[in-house]
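2 protein chains.
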Amino acid sequence: MQLGLLYSGGKDSTLAALLLENFYDVTLATAHFGITDDWQHAERAAAELDLPFRRIELDDAVAHDAAERIREDGFPRNGIQHVHQEALEALAAADDFDAIADGTRRDDRVPTVSRAQAQSLEDRHDVDYVAPLSGFGRGAVDRLVDSTLDVTVGPSEEIPRADYEAELRAVIADQGGQEAVAECFPDHDQTHVTGRR
Amino acid sequence: MQLGLLYSGGKDSTLAALLLENFYDVTLATAHFGITDDWQHAERAAAELDLPFRRIELDDAVAHDAAERIREDGFPRNGIQHVHQEALEALAAADDFDAIADGTRRDDRVPTVSRAQAQSLEDRHDVDYVAPLSGFGRGAVDRLVDSTLDVTVGPSEEIPRADYEAELRAVIADQGGQEAVAECFPDHDQTHVTGRR
Chain A
1 MQLGLLYSGG
11 KDSTLAALLL
21 ENFYDVTLAT
31 AHFGITDDWQ
41 HAERAAAELD
51 LPFRRIELDD
61 AVAHDAAERI
71 REDGFPRNGI
81 QHVHQEALEA
91 LAAADDFDAI
101 ADGTRRDDRV
111 PTVSRAQAQS
121 LEDRHDVDYV
131 APLSGFGRGA
141 VDRLVDSTLD
151 VTVGPSEEIP
161 RADYEAELRA
171 VIADQGGQEA
181 VAECFPDHDQ
191 THVTGRR
Chain B
1 MQLGLLYSGG
11 KDSTLAALLL
21 ENFYDVTLAT
31 AHFGITDDWQ
41 HAERAAAELD
51 LPFRRIELDD
61 AVAHDAAERI
71 REDGFPRNGI
81 QHVHQEALEA
91 LAAADDFDAI
101 ADGTRRDDRV
111 PTVSRAQAQS
121 LEDRHDVDYV
131 APLSGFGRGA
141 VDRLVDSTLD
151 VTVGPSEEIP
161 RADYEAELRA
171 VIADQGGQEA
181 VAECFPDHDQ
191 THVTGRR
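Chains as they are written, first to last, in UniProt numbering: chain A, 1 to 197; chain B, 1 to 197.
Bound-form chain A, shown alone (with noise of 0.2 Å):
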């Protein structure tokens, strides 16, 4: 079966496709707007693991609708939400996969997909939606990640990844300046995946 699963690179999603690829044929699709080319990095993280990549470029509008809405907010956990569900939708969307997947965790605020959801989705494209961590929390994930993957850990501006939130900053910056994009984005740490242990 050919399962498409959201990918940014990060430890989540990477664990979500070792937990699949014994029971599926796992593309890793990232989903971009076509403002930075930080989708690279996730390409580069699918060569380590020796997984097929995929891009999947989203409509411009809704990389302004979701910077509009976190600036709005002052916070980005809504503007985040609503590209993972527009990227859940161009990926059920896609004709060749009969499964999709995201890295969701159990403990995640954001992207949530619920049980609604995830049903509406598999009812209108006739596909599998499934979230294979989202019965796992932090510290199992965080456990297993560090029995399995080699990853670089650091600040989000510094990290090389390719989750929409490096788009979603520079469409803020060009809009309001990087003062505009410290308001919104809270200091936290990411990770990128560099290779399987």
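Hints are computed from structural coordinates only; laboratory data are not their basis.
Values in this document were obtained by computation on a predicted structure and should not be read as measured data.
Idealized CB from N, CA, C, for every residue including glycine.
Among the clues, some could well be false.
To be verified - To give an idea of the interface, some chain B residues facing chain A are shown, with a C-beta separation under 7 Å as derived from the structure:
#: 1; residue: PHE23
#: 2; residue: PHE53
#: 3; residue: ASP128
#: 4; residue: ALA140
Here the structure of chain A is known, so what remains is to put chain B in place on it, guided by the hints.
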């Protein structure tokens, strides 16, 4: 890392074992009351999977409380949920597991383990609780089972398995005869795993 998985010999808990076995040293653990020998069905399925097996004997009081609840309700859901929670507590209390798990699916009505219950188990017992199928719906589970396991399907009372239902049926039959059992347990098909594909 040592992981104990609550195991019935059915398809869900078997698929959970396959998802986990590349990441943990998995022991299949069957909770029972010593009322019937149905746990032996799980032991045989575990032998087919070539994974270590353990019995976890729960207190008779748990079975009787559950049976009383089921007869009062007229349906098994709350009684089975009670037994499952007690089984998870017993598994978490075992000293030799870094993580415990079960085979609950995204759309299971019973048993269910909420995020708050999961976090409480982890905090009180210093153990990870993981539910590898909680991000998979029924359709996705069925398709994965078809591609990985040999399964027998049939009505609950004819399929050999080691969930709590067989022993709770026995307790209720002992109290109120087969009529009481028929009043509380709806007809539905169960599965028993007979091997890997």
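Each hint, compared with the structure:
The closest approach between the C-beta of PHE23(B) and any C-beta of chain A is roughly 6 Å, which is under the 7 Å cut-off, so the hint is satisfied. For the restraint placing PHE53(B) at the interface with chain A, the shortest Cβ-Cβ distance is roughly 22 Å, beyond the 7 Å limit, so the hint is violated. A cut of 7 Å between beta carbons decides the hint on ASP128(B): the least distance to chain A is about 4 Å, and the hint holds. Proximity of ALA140(B) to chain A holds as hinted, the smallest CB-CB distance being about 4 Å (cut-off 7 Å).
Checked against the numbered hints above, the structure violates only hint 2.
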